[in-house]
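Peer 1: Please build the complete structure, drawing on both the sequences and the hints.
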Amino acid sequence: MIFLKMLQAFFCSLALVVLSVLYIGLLLSAILSIFSGFLRTFGLDQIKMSIWYGVDIPIIFSIPLALLVAVLLFFCATYIKRSIVFCISKLRV
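Taken in order, the sequence shown gives residues 4 to 96; the numbers are from our numbering.
Keep in mind that a hint or two might mislead.
To be verified - Computed beta-carbon distance windows for the label pairs:
1. F6 with F64: 54 to 60 Å
2. F6 with I91: 30 to 36 Å
3. L68 with L31: 48 to 54 Å
4. M9 with V88: 18 to 24 Å
These aren't lab readings, by the way, just hints derived from the structure by calculation. Remember, predicted model here, so these are calculated numbers, not experimental data. Just so it is clear, CB atoms sit at the ideal spot from N, CA and C, and this is done for glycine as well.
Peer 2: In structure tokens form, the structure reads like this:
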């Protein structure tokens, strides 16, 4: 029984590290998406947004697409945070 608790704690601690990095990466990507959408809309031509190779998005749709991507990333981040809380609860018991 002790061995199973130790094994569960080991895998939860490994998952906690991976999930934390994934969570931070998703949040940073969402913030960068919003920031790049605004920058592209207001005149920074170096930022390219495309759906497919060679299919660029018109500049007027930069902010809506950036917000859509950011909402999807925040949505995924909430589920990752739930997994982090679950791993922390398993480690505390």
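Peer 1: Does each hint fit the structure? Answer for all of them.
Peer 2: For each hint, the structure was consulted:
1. F6 with F64: 54 to 60 Å: Given range 54 to 60 Å: holds, Cβ gap about 56 Å.
2. F6 with I91: 30 to 36 Å: With a Cβ separation near 22 Å, F6 and I91 fall outside 30 to 36 Å, so the hint is violated.
3. L68 with L31: 48 to 54 Å: violated, 18 Å
4. M9 with V88: 18 to 24 Å: holds, 21 Å
The earlier numbered hints that this structure contradicts are 2 and 3.
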